[in-house]
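Number of protein chains: 2
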Amino acid sequence: MAPRGGRLTDMADIQPAVILVRPQLGQNIGKAARAMYNFGLTDLRLVAPRDGWPNPDAGPSAAGALLLIDQATVYETVEEAVANCTHVYATTVRDRDMPKPVVTPREAAAQMASMIDVGERPGVLFGPERSGLTNDDIALADTVLTVPVNPDYGSLNLAQAVILMSYEFFQHKADVPAYLPAHPEGLADKEELVGLMEHLEQVLTKKGYFRSEGRQGTQRLALRNILQNAEFASQDVRTLRGVVKSLGRTRED
Amino acid sequence: MAPRGGRLTDMADIQPAVILVRPQLGQNIGKAARAMYNFGLTDLRLVAPRDGWPNPDAGPSAAGALLLIDQATVYETVEEAVANCTHVYATTVRDRDMPKPVVTPREAAAQMASMIDVGERPGVLFGPERSGLTNDDIALADTVLTVPVNPDYGSLNLAQAVILMSYEFFQHKADVPAYLPAHPEGLADKEELVGLMEHLEQVLTKKGYFRSEGRQGTQRLALRNILQNAEFASQDVRTLRGVVKSLGRTRED
Chain L
1 MAPRGGRLTD MADIQPAVIL VRPQLGQNIG KAARAMYNFG LTDLRLVAPR DGWPNPDAGP
61 SAAGALLLID QATVYETVEE AVANCTHVYA TTVRDRDMPK PVVTPREAAA QMASMIDVGE
121 RPGVLFGPER SGLTNDDIAL ADTVLTVPVN PDYGSLNLAQ AVILMSYEFF QHKADVPAYL
181 PAHPEGLADK EELVGLMEHL EQVLTKKGYF RSEGRQGTQR LALRNILQNA EFASQDVRTL
241 RGVVKSLGRT RED
Chain S
1 MAPRGGRLTD MADIQPAVIL VRPQLGQNIG KAARAMYNFG LTDLRLVAPR DGWPNPDAGP
61 SAAGALLLID QATVYETVEE AVANCTHVYA TTVRDRDMPK PVVTPREAAA QMASMIDVGE
121 RPGVLFGPER SGLTNDDIAL ADTVLTVPVN PDYGSLNLAQ AVILMSYEFF QHKADVPAYL
181 PAHPEGLADK EELVGLMEHL EQVLTKKGYF RSEGRQGTQR LALRNILQNA EFASQDVRTL
241 RGVVKSLGRT RED
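Going down the list, the sequences are from chains L and S. Counting in our numbering, the first sequence tops out at residue 253, every number present. Counting in our numbering, the second sequence tops out at residue 253, every number present.
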């Protein structure tokens, strides 16, 4: 898709900026970096980190996402941190009186993916650990992002909020099927399945499983349904043929 | 929906069981409890926790989700922990050779919600912090649950895996709209908007903004489109009328 307005943007490089506003503990900055990087996000921005920057506590808790810690950009104000963003989300609790649209992380992720498709640059603000974003911070945002939580509890920490946003965004980027079948080589075909059924019935007949002529049809049908529903792979059928063969052996075989 | 087979199940009570298999640190059990409770899950089961149970490290990191720590059930084996489950998910990395279907957390959440609707009891296994679930653990599961992550990194910890599963399940339970408009009282109607436009145009005419007769139509149209696109609420229009009125004042007014 061509960027709007003829801008030449290297869109492969665009991703949501994760902006930690006045974060308190270096450890939590590291955890947020780790959360982001699990889902491919690398644009970490810090606004006035309480304990300065760099912070020696950030690296160890980043668990390998050191790249993000090294490349994090630091700003004095939220205004500077969002300067190149075209749309800003403020992560906070839902407030009925907020004169902003409110979206879930899933909706925000869908919106951000669409924005990035046309060369726009979204950013997401996360507030300090205890107090959260102020009204002045939120006034700089276009949209409020609220994670729906258990109304009786609701105790998401900073890294948890970051991971849920990052995870949702990654769902739009990752080319991962929701479902993979158990047998990539394919299920057994019906010829294999019928072969197993007939083999089993032959052995069971020999062993006297089908005692009453009248009930034999019902018993066979029940067995065939059980085997049919099991969704065996070809290899499963071969394994079970061996089992049946072994169970069918008599001393004379 | 009636439960299948005429079972009388109090379905309000059914929720996915979160089963931590041989968890190592009490702190991580607490974090997992906190992650669950944020999304309304309370059925925490522990299989052979390394440091025994109760563990004094679990409570402090549960951050208020103490109920889950107090009510957690403890088992010696995975078999016992899943005994009352009808479908078990094993959380692990995607392995092409695994003879089980593989699903994402989102797909698993949708499946579990459907199962619970008909009175079935799903459970989700999470392995020990370092080593993850063994093949013997996974053999007890029906389905593998894999979180799609950054292929270059992929360092989800136990509590992060638990929170993503819990979050996805909650999306099926929580009655939360994906989007709330900025103005619950409604946008300004067109009469209010046209009133603002005409007021602004009147003041601008007085101030000499429309210099050229020829361009006046274009200028007016541009302004009307700007105001139209802004999606003002009624209160916004009243505020802006005040602004325009104030800007229009001359010494003689």
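Please note that the accuracy of each hint is not assured.
Note that identical chains are pooled: a pair holds if it fits in a single copy or bridges any two copies.
The list that follows gives simulated cross-link-like pairs (lysine-lysine, DSBU-like), each with its CA atoms no further than 35 Å apart [as the list claims (entries may be wrong)]:
hint	residue 1	residue 2
1	K206	K245
2	K190	K245
3	K100	K245
4	K173	K207
Think of the hints as simulated: they come from the structure by calculation, not from any bench.
(message) Name the hints, by number, that the structure is in violation of.
(response) 4
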